[in-house]
Amino acid sequence: MPTENQTKEKTVLEARGITKRFPGCCANEQINFAIKQGEVHAILGENGAGKTTLMNILFGLYQPDEGELFFNGEKVDFKSPLDAIEKGIGMVHQKRKLVQAHSVIENIMLGHPDSGKILNFKRVKKEVSELCEQYGFKLDLDAKVWQLSEGQKQSVEIIKALYRGAKVLILDEPTSALSPPETRNLLDSIMSMVESGLAVVPFITHKLPIVLEISHHVTVLRNGRVTAKFATAGATEKSLAKSMVGREVIIKLDKVEVERGKPVLEVNNLSAYNEKDHLALSGVSFTIHEGEIFGIAGVSGNGQEELADVLAGLRKAASGTILLDGNDITHDSTLERWRKGVGYVPAERNEVGTICDYSLIENVAMNYYFEEEYVPRGIINYKSLRQLTESLIAEYNVATPGPDVKAKALSGGNLQKLILARVLSKKPRLIIVNLPTQGLDVGAIEFVQNKLLQAKKDKAAILLISGEIEEALSLSDWVAPIYEGKFMDIIPWTDAERDNVGAMMAGMKPKVESL
Amino acid sequence: MWELFVRSLDASIVLAIAALGELIGQRSGVLNVGIEGVMLFGATFGFIVAQTTGDYTTGFIAAIAIGAIIGLMHGVFSITLGVDQVVSGMGIWILGFGLTTYIGNPYTGPLGMARIDRIGGLSPFFYLALALIFLTWFVLNKTSLGLKIRSVGENPEVAEVSGVSVNRIRYLCVIVSGMLMGLAGGVYGLSYNPVWNYNFLMGWGFIALALVFFSMWNPFIMFGGAVLFGALWQLALSPEFILPGVMSRYLWRMVPFVITIVVLVLMSTRWFRTHWGAAKPEALGVPYKKEG
Chain A
1 MPTENQTKEK TVLEARGITK RFPGCCANEQ INFAIKQGEV HAILGENGAG KTTLMNILFG
61 LYQPDEGELF FNGEKVDFKS PLDAIEKGIG MVHQKRKLVQ AHSVIENIML GHPDSGKILN
121 FKRVKKEVSE LCEQYGFKLD LDAKVWQLSE GQKQSVEIIK ALYRGAKVLI LDEPTSALSP
181 PETRNLLDSI MSMVESGLAV VPFITHKLPI VLEISHHVTV LRNGRVTAKF ATAGATEKSL
241 AKSMVGREVI IKLDKVEVER GKPVLEVNNL SAYNEKDHLA LSGVSFTIHE GEIFGIAGVS
301 GNGQEELADV LAGLRKAASG TILLDGNDIT HDSTLERWRK GVGYVPAERN EVGTICDYSL
361 IENVAMNYYF EEEYVPRGII NYKSLRQLTE SLIAEYNVAT PGPDVKAKAL SGGNLQKLIL
421 ARVLSKKPRL IIVNLPTQGL DVGAIEFVQN KLLQAKKDKA AILLISGEIE EALSLSDWVA
481 PIYEGKFMDI IPWTDAERDN VGAMMAGMKP KVESL
Chain B
1001 MWELFVRSLD ASIVLAIAAL GELIGQRSGV LNVGIEGVML FGATFGFIVA QTTGDYTTGF
1061 IAAIAIGAII GLMHGVFSIT LGVDQVVSGM GIWILGFGLT TYIGNPYTGP LGMARIDRIG
1121 GLSPFFYLAL ALIFLTWFVL NKTSLGLKIR SVGENPEVAE VSGVSVNRIR YLCVIVSGML
1181 MGLAGGVYGL SYNPVWNYNF LMGWGFIALA LVFFSMWNPF IMFGGAVLFG ALWQLALSPE
1241 FILPGVMSRY LWRMVPFVIT IVVLVLMSTR WFRTHWGAAK PEALGVPYKK EG
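Same order as they appear, the protein sequences are chains A and B.
Under our numbering, the first sequence has 230 at position 230, and the numbering climbs by one with no breaks.
Plus 1000 on top of the position in the second sequence (first one is 1) and you've got our numbering.
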């Protein structure tokens, strides 16, 4: 826990009565907070709580309808991100804002007023290296950004903001794409920034332990309002979650014990290439039985996406075999796999999971269009599809005005419920779920996880791909940490330890049991 | 032989200046497939103004000015209005083809002015082209402005949050791009082939367009390509110089276009994208709209 004596410094950024209204959701109502020099002040909230709106106001992308912002006691009016940057606000977005084809140093110099009309690489490199040194970042300044890991890219953005003279550093979901050791490094760097007098403001959806560990103060948002302010010393994971969601939340799931059945999916030595023609998945083998959840824990980009694609028939296998209930489906088309009982919940809800301009009925139909019952002789029976969609909406608590609205009108959590509903309602033998709870809020995560456990009770075999160790460990019967296209190990859940799995996700060899 | 070399270099200069214009626009993310149309405008207006005033300089200024105007027009369509850039570019080509035919028809025939003096046996535009190419390379890679241009072409959102005005940079680039295309047209119509006839550019703009892709967006490689295409073109006009009796001259004349097609097909294959895709400006051809 950080010490209290640093937090009595003066206020750098203050919001008074910030209000922003939109037709619909995600507005801000009377937001007040004060961020002091040399402190970590976390802003916590579920999706739709108004975090993004607030962030955009602080960074000058939106202008508030009411209320005022003060920077170092002086009233400020940000008309554009440039105004905010010039005052000393640094923003590290969740979606990387870097030019992939350019080098690290070019990205840092872009738009910087002192980079010189003729670029002075030598001087900037020296200054940036000093900054890296001071805050403990290790970066090759001449590397192209596309060659870097997600964690390194984030470091580049942080350094870029610091080099631009940021006094307040806003971090949007800073640990969501990092492996556990990378998270550790980031937290250390944040601590050293705070020591040198910067204010750090992480916006966080659900990584509560991190909030407790690094922050001095927490402001919690719900439905666009501030619902609670804590000095972190007096807060617990439970109290934070309660003020975020508005009710008690079960943080730990109970294991569901299901008798192990016949093998459903047998994967043998499977390999696949990625879009760049590099071997992204190299020779994985595993088996999933009825009533089992097989969890793959990994930082995105280590071959798990390719694995999901190959199993769903969306990508060719370079070698190896896939058996479903003992039949070879390696060369089956996607449709044949759906018919044989494969269900797929992709990570990209908006791009792959649904067609955003289609209605919910049509989106449900995507898993049913080949069923004689709903499409007799090739003619769509909208009446029965509507009934089906309505019953799914009711059963899965999808918040929507009705089945005719377009998919893009739904929030991420509700969209995920709809996708889950249309897949699970077919009672698949094998369910592939890729990052099922990514970007969802605490309430929706709970719902999705319970549905998966329900499917497990119904004897389905489930392949769960997750970036969250906690999720992989708490849901799975087997955990396979994946790194650079290979499983580092396959561990029964009873033996899986958080630190060990985290280290393997970052490429460390499994610990050999000492006798 | 020297004659043939000088003549082919003259052709290369036209292609190089035009392609350089296209390259600058593309590095900022704006594709202009109407390069042929802009060059026709430059060639025709330059020709008419020079013939009327009897002054080459005024002619070239007219060519550059009309290029800038057409470039600005492409900018309004593709940057401000966010129109599909291919559609806008095709419109410019068709407009250029039609309008210059209509306006230029009374001027059909030779320019009737003394040829522009050569310097050291080569066209003065050769030295100008080299200087422009070096300057472009320097600006793109060594200056703050160049970094902004490249970033806007790769990822406009990133440039915007770094405090760069995407639209201002893109307008600057399409206008400079149009000026260079107009100048290239002027060099064609006043120096390389000073005899006005409808559509007397015969598709050179499309060859220049292909050259940009061929060059991997590098001005020096582009100049090498321009020299190669200029030589091929000149060879096609008089193949008997080197290969007497091998194939009809009409087949030879097709060669630059066949190569253009082959290059463009190769560029659009998956193989090319996976191996060399990084060279292409990521946001090329994508209209940019500010958030918020």
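Just so you know, the hints here were simulated from the structure itself, not pulled from any lab data.
One thing to keep in mind: the hints can contain errors.
[To be verified] Using C-beta positions, here's what the derived DEER-type ranges look like:
1. A:129 / B:1279: 26 to 32 Å
2. B:1167 / A:181: 53 to 59 Å
3. A:427 / B:1270: 50 to 56 Å
4. A:130 / B:1145: 24 to 30 Å
5. A:83 / B:1127: 44 to 50 Å
6. B:1270 / A:355: 22 to 28 Å
[Said to hold, decoys possible] With a cut-off of at most 25 Å between alpha-carbon atoms, the simulated DMTMM-like pairs for lysine to aspartate or glutamate come out as follows:
7. A:144 / B:1282
8. A:276 / B:1282
9. A:406 / A:362
10. B:1280 / A:150
11. A:242 / A:66
Every residue gets a Cβ at the ideal spot worked out from N, C-alpha and C, and that includes glycine.
Checklist entry - If you check each hint against the structure, which ones fail? => result Hint check: 2, 3, 11 fail, others pass.
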